[in-house]
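With the hints as extra help, turn the sequences into a complete structure.
Protein chains in written order, with this note's numbering: chain R, 1 to 614; chain C, 1 to 328.
Source of the hints: derived by calculation from the structure; they are not laboratory data. We treat Cβ as the ideally placed atom computed from N, Cα and C, and that holds for glycine. Please note that the accuracy of each hint is not assured.
Distance condition first, Cα-Cα at most 27 angstroms in a straight line; then the derived DSS-like pairs of lysine-lysine [as the list claims (entries may be wrong)]:
1. C/K66 x R/K438
2. C/K248 x R/K441
3. R/K89 x R/K45
4. C/K66 x R/K580
5. R/K580 x R/K599
6. C/K304 x C/K248
7. R/K599 x C/K304
8. C/K260 x R/K500
9. R/K528 x R/K514
10. C/K249 x C/K238
11. R/K580 x C/K248
12. C/K128 x C/K66
13. R/K580 x C/K304
14. R/K123 x C/K260
15. R/K123 x C/K66
In silico negatives: residues of chain R with every beta carbon more than 12 angstroms from chain C [claimed, not checked]:
16. S208
17. Q274
18. P335
19. A410
20. Q520
21. D532
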Amino acid sequence: MKVKFKLSYISIVILVGAYLFSAGRFFVISTGSGAENPEDGGKRKVLIAHWQLEPGFRDGLQWAIDEYNNLPHVRAAGVEVEQTGITEKVYAQFMNVHLISGTAPDIAAKGMTNLIKGNAIAKFFAALGTYVNEPNPYNNIHNLSPELDPAMAEYLAEAPWKDTFIDGMQSGYDEQLDDYYAVPISSFGSMRMFYNMTVVRDVKQFVSDAIASADQPQWLQDCWIRTVDGKTLGYLPENQRLMDWLSSDEPPETLGQLMLFCEAVEEFAIETGQDSLVPVSGSKYPSTDLTLYYERVFFSHFADRLDLSPSSTSISPLATVGGWVDGDVWDFNEPEIFEAFEFGKVFTQFYPVGYVGLDREQAQRRFVLGNAAAISTGAWDATGILFGASNRDNPEDRFEVVIRPAPFPAEGERWEDTLPSRFTAADASAGVPLAINKASKNFEWALDFLKFVSSQPINEEMNYRTGWLPAAVGAEAIEVMRPFTPIVEGRPSYWSMNMKAAGGFGTIFSGQRKLYLAGQISYEEFIKRMEDFLAIPEVGMKRIWYRSHQQSADTMRGNDRNLSVEDFEAYFLDDEQASKRTASVLFQSLTNDEGIGSKLLWHTFNPGEEFPQF
Amino acid sequence: MNPHSLDSLSGRTSDRETRKRDGVLTAFSRRFSTIRASVPAFAGALFALALVGCGGSSDSENALEKGVNALRIFDFDEAYDYLSVAVGEMDPSDPQWVEAAYGLGVAAWHRSPSAAEFIEEAVELFQKVASVTDDDQVRFRCYLSLGRIEEIRDFVEEDKNVEGARSYYIQVIEGAPGSELASRAVFRLAQTYIDELNEESYETAVAMVSDYLTEYPDVRFANVGWQYVADIEKYYRKDNRAALAAMKKAYALGFAVESKEDIYIWQMANLALSVGDLEDGVVYLTEVVRSYPRSKFRWVSQQKLKELAEEYPQMNIEIPELTAFGEV
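Quick look at the structure:
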């Protein structure tokens with residue numbers, strides 16, 4: 001009998017074929033025969049995956065890789081390190097799939113994925129606690145530059161590996177697991193303002209001329225701080241500090257000067273017919289939206305009132321939102337809170353129209369093309385911006401960029417009381433934490449490479465080429481990156497209230513905030529819409545209580561798991577380190593046992609009422 | 001190989017047959033009846049291929065060792081599979097049975113998602129280990145685990161059994177007085193009272209832990225216990241003076257969470273200042289500035305010291321300098 005061919009058979013053949021190929025490849029990899037590739041002369045490949053696709057990073061890392069691959073003992077062993085950059089849009093999925101299937105690269109930048117966190121980190125990445133207390137052999141005194149301060153050289157040669165990082169390797173430390181799981185190789189520094197100095201100089205002259213004019217223009221008069229009907233208007237006083245700044249070659253040094261500068265840029269653009277010039281290149285990318293940066297400081301005045309449960313060192317979203325709705329601990333009419341939105345409403349007018357629809361690249365491009373006087377972002381974008389500004393096709397379009405911290409109000413300026421200081425960066429962490437895949441067949445080589453790349457001389461040169469800040473103690477940053485050195489002075493960011501409460505309130509807050517800042521709703525309407533959402537029985541405040549409690553109970557369940565395993569290791573396997581870790585895990589387990597912190601908050605804000613159940 | 005994967009596969013197939021009988025499947029699905037009919041055979045082929053694909057590891061490795069290794073990396077499912085094999089092949093008289101069975105109990109307890117059958121299995125294992133072992137350390141660990149299982153809700157439908165939990169904890173406290181296991185049992189027992197969220201129960205919990213630590217001042221986890229008491233005094237009883245006294249004891253013994261020492265010392269400074277203990281307040285603030293260069297509370301500690309120096313010139317408060325970032 002003749003079998004009739006059906007088109008659908010093709011799909012079965014393709015499916016079976018694909019599966020056979022996949023199973024075969026998995027078999028090859030899982031048996032380790034993939035570690036050496038005959039096509040590469042039998043070389044053992046050590047692959048690094050990361051998502052740092054910013055200009056310069058891969059070149060800098062490749063230099064370090066090439067240096068390592070050329071080391072005699074590495075060549076003799078036939079080992080070759082390679083990197084693969086993966087866009088952050090798919091990095092999480094890539095790592096999830098490959099870590100779970102056991103086919104992930106030997107070394108991978110840790111983070112991005114929400115799936116591999118908590119004690120799952122221990123499942124997929126190798127713990128490095130055993131190695132971090134030994135000196136890094138690549139910091140051997142003979143490897144270090146003779147120009148290095150002798151005391152520093154001696155320190156680096158003898159110090160435990162973890163103490164040779166500017167953050168004490170905290171960025172690789174997992175508090176819940178109480179062990180080190182990653183090795184940072186660069187630093188991001190803090191957010192900074194980038195100024196187009198051509199525009200800065202022109203606009204400062206424009207301001208000076210306006211001040212000197214017999215009849216000051218209205219826009220300038222509106223900038224002088226004053227009180228009208230009990231309400232503060234304007235930004236700064238017309239005083240000697242302002243005159244000194246105007247006669248200097250510095251970008252704005254105080255918040256009042258920044259506001260005046262932005263107002264002046266708008267007027268300057270109109271007078272000179274530069275329709276596309278805006279004061280600040282804002283976008284939906286958070287680092288380019290300065291209002292978010294300042295808002296966190298505006299929101300940091302109620303830490304004493306909201307420090308109500310022992311489970312957390314920072315103000316939780318539940319304490320924030322519950323403290324407003326149920327606890328009457330604070331409200332949106334507090335001057336500090338109201339001013340956060342007043343500031344936001346004024347400042348977003350300095351952004352391009354429709355900034356909420358613009359992304360990071362568009363914001364950078366606008367600045368690099370000379371169509372914005374300033375942009376705020378992190379050190380990771382510095383190389384691209386500086387290169388772009390100094391390499392415009394037309395030499396006349398090129399401009400000098402000066403990088404400065406976001407300014408804060410000086411004495412006598414508006415928001416002096418509500419924006420008292422920046423947040424400290426004393427605890428700034430190094431970045432690009434590279435972790436070793438637990439399933440790697442090349443653990444020893446991966447570890448060796450991480451020691452190499454984090455050693456002072458290599459880390460300095462790599463980051464010099466990358467244009468980023470180094471992670472190693474004693475490694476000098478390139479001149480243009482020095483402005484990103486963390487500023488230790490400032491209040492703790494722990495004090496800031498957090499609106500990202502469970503159950504979608506964060507999204508509601510963020511959406512309504514944008515509408516208010518854009519002038520589409522009144523402040524009263526903004527508050528009412530949030531109140532209306534929180535009053536909905538199914539999704540509102542009661543649901544937030546319930547979900548927050550569930551989340552903290554789940555976290556504590558993770559602590560129980562840790563405690564059981566650490567105790568098992570301590571007793572049955574005689575593991576001293578595990579025994580030490582039990583004290584830390586036990587304390588954390590007790591302080592918020594079964595989410596008791598959220599129940600205590602509920603009890604404080606709603607005495608006598610039953611905790612919400614769904 | 002996990003037999004559940006076969007069960008679930010056949011479950012899906014029968015469900016699909018049911019839907020067909022009920023007329024849920026459309027004409028589209030009927031066109032592919034040939035494919036549907038071949039699903040079980042195809043799935044079997046895939047399963048066999050999966051066996052081939054995954055069968056790379058050596059069979060000679062010990063199931064106990066593999067189970068323990070899986071447990072150490074929190075892979076409870078794999079630990080459960082291997083340790084089930086190990087326990088199944090051993091007799092309770094085997095010297096390694098206790099370790100294997102206890103480990104299996106831990107794996108069954110912490111598998112995710114949790115289910116009644118796994119919790120029941122964990123309880124049976126811990127009870128059996130406790131009755132078989134002649135090692136008190138293991139027996140009391142079993143009681144602590146059993147108490148914890150009774151105390152918390154492992155899955156939504158499960159009911160708590162606080163009295164059952166307390167009974168286990170008391171057995172540990174009475175059976176191993178002054179030991180680290182008793183410390184853990186005392187704290188857990190105290191926490192069952194804190195959960196009641198009333199003043200009387202707070203008082204009971206504080207007395208329970210304080211009395212125990214006073215009787216056994218050098219016991220392991222005494223630092224954890226005093227800091228726990230400090231938290232209860234500060235956050236539940238709003239007694240800053242008592243909280244400070246307990247924190248001082250924890251501080252003297254060394255805080256359990258080393259990475260948060262600066263935060264705890266900052267908290268101690270605030271407690272001291274809140275009860276008018278200026279001298280201690282200054283000592284703690286100075287400690288944060290001098291000893292914790294990476295502390296978020298360093299600058300505010302220095303600022304507070306400046307304020308105090310201005311307010312109380314007679315105290316001759318010395319203001320320590322902040323070192324620059326990254327300075328060794």
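For each hint, the structure was consulted:
The hinted pair formed by C/K66 and R/K438 meets the criterion: a straight-line CA distance of about 15 angstroms does not exceed 27 angstroms. Of the pairs offered as hints, the one joining C/K248 and R/K441 is violated, with about 49 angstroms between alpha carbons and a cut-off of 27 angstroms exceeded. At roughly 26 angstroms between alpha-carbon atoms, R/K89 and R/K45 fall within 27 angstroms of each other, so this suggested pair holds. Proximity of C/K66 to R/K580 is assessed by CA-CA distance (about 24 angstroms); at most 27 angstroms being required, the pair is judged to hold.
Restraint check: the Cα-Cα separation between R/K580 and R/K599 comes to about 30 angstroms, which exceeds 27 angstroms; the hinted pair is violated. A hinted pair counts as satisfied when its Cα atoms are at most 27 angstroms apart, and C/K304 with C/K248 qualifies at roughly 20 angstroms. A threshold of 27 angstroms between alpha carbons decides the hint, and for R/K599 with C/K304 the separation of about 33 angstroms lies outside it, so the pair is violated. With a C-alpha separation of about 24 angstroms, the suggested pair C/K260 and R/K500 falls inside the 27 angstroms cut-off, and the hint holds.
A C-alpha spacing of about 15 angstroms is found between R/K528 and R/K514, which places the hinted pair at or below 27 angstroms, so the restraint holds. With a C-alpha separation of about 18 angstroms, the suggested pairing of C/K249 with C/K238 holds against the 27 angstroms cut-off. This hinted pair checks out: R/K580 and C/K248 have alpha carbons roughly 21 angstroms apart, not beyond 27 angstroms. Our distance criterion of 27 angstroms between C-alpha atoms is met by C/K128 and C/K66, whose separation comes to about 22 angstroms.
Restraint check for R/K580 and C/K304: not satisfied, since their Cα atoms lie roughly 34 angstroms apart, outside the 27 angstroms limit. At roughly 25 angstroms between alpha-carbon atoms, R/K123 and C/K260 fall within 27 angstroms of each other, so this suggested pair holds. Distance restraint check for R/K123 and C/K66: the Cα-Cα separation of roughly 14 angstroms lies within the 27 angstroms cut-off, and the hinted pair is therefore satisfied. Consistency note on R/S208: stated as away from chain C, and its beta-carbon is indeed over 12 angstroms from all of that chain's, at 35 angstroms minimum.
Separation of R/Q274 from chain C is adequate, the least Cβ-Cβ distance of about 39 angstroms exceeding the 12 angstroms criterion. Under the 12 angstroms C-beta cut-off, the non-interface status given to R/P335 relative to chain C holds; the minimum distance is some 21 angstroms. Separation of R/A410 from chain C is adequate, the least Cβ-Cβ distance of about 17 angstroms exceeding the 12 angstroms criterion. Even its closest Cβ contact with chain C, about 37 angstroms, leaves R/Q520 beyond 12 angstroms, as expected for a residue assigned away from the interface.
Listed as a non-interface residue, R/D532 keeps its Cβ farther than 12 angstroms from every Cβ of chain C; the least gap is roughly 30 angstroms.
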